[in-house]
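2 protein chains.
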Amino acid sequence: MLSKAQISLITSLHHKKFRKQHGLFVVEGIKSVSEFISSSYQIHCVYATPDARTKMSNLPQNLKCIDITDKEFHKITSLSSPQGVLALVKTPPIEDFDWNNLENTHSIVLDDIQDPGNLGTIIRTAEWFGIKTIVCSNGTVDAFNPKVVQATMGSLARVNIHYTDLNSFIDKSNITTFGAVLSGRSIYQTDFGSSGLIILGNEGNGINETIKSNIDHAVTIPRIGDAESLNVAVATTIFCSELARQKLNQKKR
Amino acid sequence: MLSKAQISLITSLHHKKFRKQHGLFVVEGIKSVSEFISSSYQIHCVYATPDARTKMSNLPQNLKCIDITDKEFHKITSLSSPQGVLALVKTPPIEDFDWNNLENTHSIVLDDIQDPGNLGTIIRTAEWFGIKTIVCSNGTVDAFNPKVVQATMGSLARVNIHYTDLNSFIDKSNITTFGAVLSGRSIYQTDFGSSGLIILGNEGNGINETIKSNIDHAVTIPRIGDAESLNVAVATTIFCSELARQKLNQKKR
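Respectively, the protein sequence lines represent chains A and B.
Numbered by my numbering, the letters in the first sequence go through residues 2 to 254 in order.
Numbered by my numbering, the letters in the second sequence go through residues 2 to 254 in order.
In short, the hints are calculated from the structure, not lab data.
Wrong hints could be hidden among the right ones.
[As the list claims (entries may be wrong)] SDA-like mimics (lysine to any residue), calculated; alpha carbons at most 20 Å apart, straight line: (1) B:Lys148 x B:His75; (2) B:Lys252 x A:Ile225; (3) A:Lys248 x B:Arg224; (4) A:Lys248 x A:Gly226; (5) B:Lys32 x A:Asn206; (6) A:Lys213 x A:Ile176; (7) B:Lys133 x A:Gly226.
These numbers were taken from a predicted model, which means no experiment stands behind them.
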């Protein structure tokens, strides 16, 4: 059974204000829900139709699972092809940032990314390439926005996302910074070394001026054709791929 | 003035059936409309608000431009942040495919890509990297779908898109084929040479079995982390970037 109060709670979680107030966010779909269940995130409860429940046989015994009908499910889903399962997941406590996470590895830094689909794709792609930490400016779209969660295809369950004041973060950090800009050294001629922060800027305006003037290496994706710009998730992908290529090449040597 | 018939024509063009019937498609936004005007496409007419018209000062004299009010514009736009200008553009005549287009270069081949945003991003990214031709299976989403047009950010005006029966196309072609698959040679250890077809498959099912068994080189994007898959526009991006890297490196030698 699904009460009116439950419906109103779930739909309220589309808004950042209510996610913050309740300390919860929504995850939908069999794969994504399964990945959050087996992650370090805490599950508040799961709503499932009989059909979805049979497809998710190995649910932990202590998991609160509420059985609802297909008709009820349609009142809470926001997917066009709903899969009959939705979890309310607890937003993780905001802990002091562990600077050790940035050592001997590469991390991504996002300055005011606005589009949920872009952030979701960046998280999914970063995870494919083994990147474990993404640091976002406070102005970046919330990673627990349902559209972001959906676009990560479960990867959000395993990548650390940290929101902070980016200017002072970059100031405090003593890790080498690589910024994606329109005129700099070619990415294919840049040695990314064994650690670094890869900074990508806002869809329209790029990296803000304060950070730009502090960057150690200004890096450009060479333009061969006539397109005026690249999507920011596409640009991040190109950095992740080139990092992976350099890392795999080093191992071979 | 905007008549009811005009509104109904424009909104009908969201559907492939009516785009085919009228031989027209919709382009919106100042940048995109400008790029189509200066391309080889033929413009049927442009609808513009006074504000947008002042921003597009250099319109060709022979262009049919219909002045409409902001209120009228809201009846025809499908953007959440409309810019006051919309063009009806003639779909190009279907010509015999020019096989010369594929020689001494790399082209992209798409097998049943479904998502308009993915196709749009692929066209935009391909143009950035100087790729001039994209061959699509007949089952791939229509490139003149308004969501595709929008996502290309004007690049559609300059990239050749050809729809065909992909199985017989690959059969007839004598260009080296590179297929993106889950287990093959690492993309970073693949020499793409000076020409080739880069084949990317459907979002859920990848490249169809007939084509897969005909591929010259099965190529994989190495997975370093735990994500299960990559978005197809992201995968295409990684191929375009690696092609560009190899091409720029060859020039340097």
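Going down the list of hints, with the structure as the test:
{"no.": "1", "hint": "B:Lys148 x B:His75", "verdict": "holds (17 Å)"}
{"no.": "2", "hint": "B:Lys252 x A:Ile225", "verdict": "holds (13 Å)"}
{"no.": "3", "hint": "A:Lys248 x B:Arg224", "verdict": "holds (12 Å)"}
{"no.": "4", "hint": "A:Lys248 x A:Gly226", "verdict": "violated (28 Å)"}
{"no.": "5", "hint": "B:Lys32 x A:Asn206", "verdict": "holds (16 Å)"}
{"no.": "6", "hint": "A:Lys213 x A:Ile176", "verdict": "holds (15 Å)"}
{"no.": "7", "hint": "B:Lys133 x A:Gly226", "verdict": "holds (9 Å)"}
When each numbered hint is compared with the structure, a violation occurs for hint 4 only.
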